[in-house]
Amino acid sequence: DVKVTQSSRYLVKRTGEKVFLECVQDMDHENMFWYRQDPGLGLRLIYFSYDVKMKEKGDIPEGYSVSREKKERFSLILESASTNQTSMYLCASSSPQQGVGFGPGTRLTVT
Amino acid sequence: QQQVKQSPQSLIVQKGGISIINCAYENTAFDYFPWYQQFPGKGPALLIAIRPDVSEKKEGRFTISFNKSAKQFSLHIMDSQPGDSATYFCAASIGSARQLTFGSGTQLTVLP
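Protein chains in written order, with the numbering used here: chain V, 1 to 111; chain D, 1 to 112.
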């Protein structure tokens, strides 16, 4: 099974704060993803990475950035958190053999 | 642009009944169609997946039916159980390891 861990299950931040969401996978996967989940909208892709130091924008990258300095770690950064970024954030990694596996998610509340 | 449309939004089924969730896609380049199951407080878990070279795939009580010409695929849960109560997402991608495009989800409730 794909094992993806996320640094926090719940996070409460204030508007304007810089927020770091950390994700680690132990499967030596090259591909990693950040999704955002909102009721009625499903999961929407924020950013993804197919290699160390590589990143590509997904469908909703505005207000977010990412960092991938090591193969196993993929960080999502909210430069200046806003209330409309209150959401569930899901990290995932993948391989052709195992498909895409998700972490448990971080529920972020921005007040 | 919603590339994967999922219905219904919610579904209530009696124990032992058949649950059916439908999805339609637009991008004909998609060649991998997984279904994910998500319980409250958990991340989505891969349930079953199909490629367009087959019309049906069955794993236990879960079956995917695929209609390439109609660009539709569906999940059938046979003998539905209360433990199947969860949110189900269909998805599509180009290749099994690439970024997934998700449907909006179906909240399934199986009554005891």
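Worth double-checking, as some hints may not be accurate.
List time: in silico BS3-like cross-link candidates among lysine-lysine, alpha-carbon distance up to 27 Å [to be verified]: (1) 57(D) with 3(V); (2) 57(V) with 58(D); (3) 71(V) with 55(V); (4) 68(D) with 3(V); (5) 57(D) with 18(V); (6) 42(D) with 13(V); (7) 3(V) with 15(D); (8) 18(V) with 53(V); (9) 18(V) with 71(V); (10) 53(V) with 71(V); (11) 58(D) with 15(D); (12) 70(V) with 57(V); (13) 57(V) with 57(D); (14) 70(V) with 57(D); (15) 15(D) with 68(D); (16) 42(D) with 71(V).
Covered stretches of chain D (in silico footprint by chain V; criterion: 3 or more residues with CB under 8 Å from a CB of chain V, positions within the stretch not fixed) [to be verified]: (17) 45-52; (18) 99-107.
Here are some, though not all, of the chain V residues that point toward chain D, as calculated from beta-carbon distances under 10 Å [as the list claims (entries may be wrong)]: (19) 4; (20) 8; (21) 16; (22) 19; (23) 20; (24) 22; (25) 28; (26) 39; (27) 96; (28) 98; (29) 104; (30) 105.
Think of the hints as simulated: they come from the structure by calculation, not from any bench. Owing to the predicted nature of the structure, the values given are computational and were not obtained by experimental measurement. Backbone N, C-alpha and C define an ideal beta-carbon position, used for all residues, glycine too.
Honestly, which of those hints from before does the structure not fit? 2, 4, 5, 7, 13, 14, 15, 20, 21, 22, 23, 24, 25
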